[in-house]
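J.: Top to bottom, those sequences are chains A and B. Following the UniProt record's numbering from start to finish, the first sequence increments by one per residue and tops out at 153. Following the UniProt record's numbering from start to finish, the second sequence increments by one per residue and tops out at 153.
A hint or two may mislead.
Identical chains blur together in the list; that is why a pair holds if it fits in one copy or across any two.
Quick list of in silico lysine to any residue cross-link-like pairs, SDA-like style, CA-CA up to 25 Å [as the list claims (entries may be wrong)]: (1) K142 <-> D31; (2) K16 <-> Q67; (3) K106 <-> E69; (4) K106 <-> S68; (5) K106 <-> Q8; (6) K106 <-> I128; (7) K142 <-> P120; (8) K106 <-> P126; (9) K16 <-> G73.
It should be emphasised that the hints constitute simulated quantities derived from the structure, not laboratory data.
Protein chains: 2
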Amino acid sequence: MTFTSHMQTALDEARKAADRGEVPVGAVLVDARGQVVAQAGNRTRELHDPTAHAEILVIRAACAAAQSERLPGYSLYVTLEPCAMCATAISAARIARLYYAASDPKSGGVAHGARVFSHPQCHHAPEIYDGIAAHEAETLLKTFFQDRRDMGA
Amino acid sequence: MTFTSHMQTALDEARKAADRGEVPVGAVLVDARGQVVAQAGNRTRELHDPTAHAEILVIRAACAAAQSERLPGYSLYVTLEPCAMCATAISAARIARLYYAASDPKSGGVAHGARVFSHPQCHHAPEIYDGIAAHEAETLLKTFFQDRRDMGA
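This is chain A alone, in the form it adopts within the complex:
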């Protein structure tokens, strides 16, 4: 499995999230041996949980599986630039590499706004690779919000 196929898995999770009426963002967590250990899409509405972003769901699932608060050597793939909440959770979990697709000027916390990884109060920053399958992820998000506007939601 290459990083593009992991991002395709994350995009599949984003599409499934859209089908559930959730903002289409998906994430995949891969361990140090290259095995997918968790994959999820947003479930904030279904779970009535504002913290149930795709990234948080895969981190919690992988930590539970590993019986550890930390995931050294793991790689996180996500279809949208993480918000400040998810970026801080990625740091707390000591995730080694972050791959994300679309940029998020509106709510992102990595390359925008809070820029979580760029302060001394952040005690671990992952390697960051952005722009992978960005067009596909952006189209998914734009279509979702356009459809909702067309429905008057």
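With chain A fixed as given, assemble chain B onto it according to the hints.
T.: For chain B alone, coordinates are given in the frame of chain A:
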């Protein structure tokens, strides 16, 4: 119940966290009618969950109880300045007021570092009241870390 007694409840949760070997931070969430709807201390070690900060635990519990992603009119009391993860979750949950005790120059994300509420990417900022029972909360944290150093942890 006044804000000082809610902070005392949060301090009690912080003490119970210390007794469990967790970093002593406690939080209390109060609804718009002034009723305590959730209280918790850190459980990151016990739950093997880096997101299980006191603030996240009370937000998730209160949202589950309210069957809503949002907690408008609610007040959050916490013994330490929230990190960027918790500050962003507070924003996402649309919590109205944030009361915190000790300042956290090392890992805080409200008055330090990421300063989550101060960017346009943050779509809701609570009213913030800091310094309540700060000395008590600081002493609790200092004693915890001093004890751990003395034990060679």
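J.: If a hint holds in the structure, say so; if it doesn't, say that too.
T.: Checked hints:
no.: 1; hint: K142 <-> D31; result: neither (31 Å within a copy, 35 Å between copies)
no.: 2; hint: K16 <-> Q67; result: between (28 Å within a copy, 22 Å between copies)
no.: 3; hint: K106 <-> E69; result: between (30 Å within a copy, 20 Å between copies)
no.: 4; hint: K106 <-> S68; result: between (33 Å within a copy, 23 Å between copies)
no.: 5; hint: K106 <-> Q8; result: within (24 Å within a copy, 38 Å between copies)
no.: 6; hint: K106 <-> I128; result: both (19 Å within a copy, 23 Å between copies)
no.: 7; hint: K142 <-> P120; result: between (35 Å within a copy, 21 Å between copies)
no.: 8; hint: K106 <-> P126; result: both (22 Å within a copy, 19 Å between copies)
no.: 9; hint: K16 <-> G73; result: neither (28 Å within a copy, 33 Å between copies)
Hint violations for this structure: numbers 1 and 9, all remaining hints satisfied.
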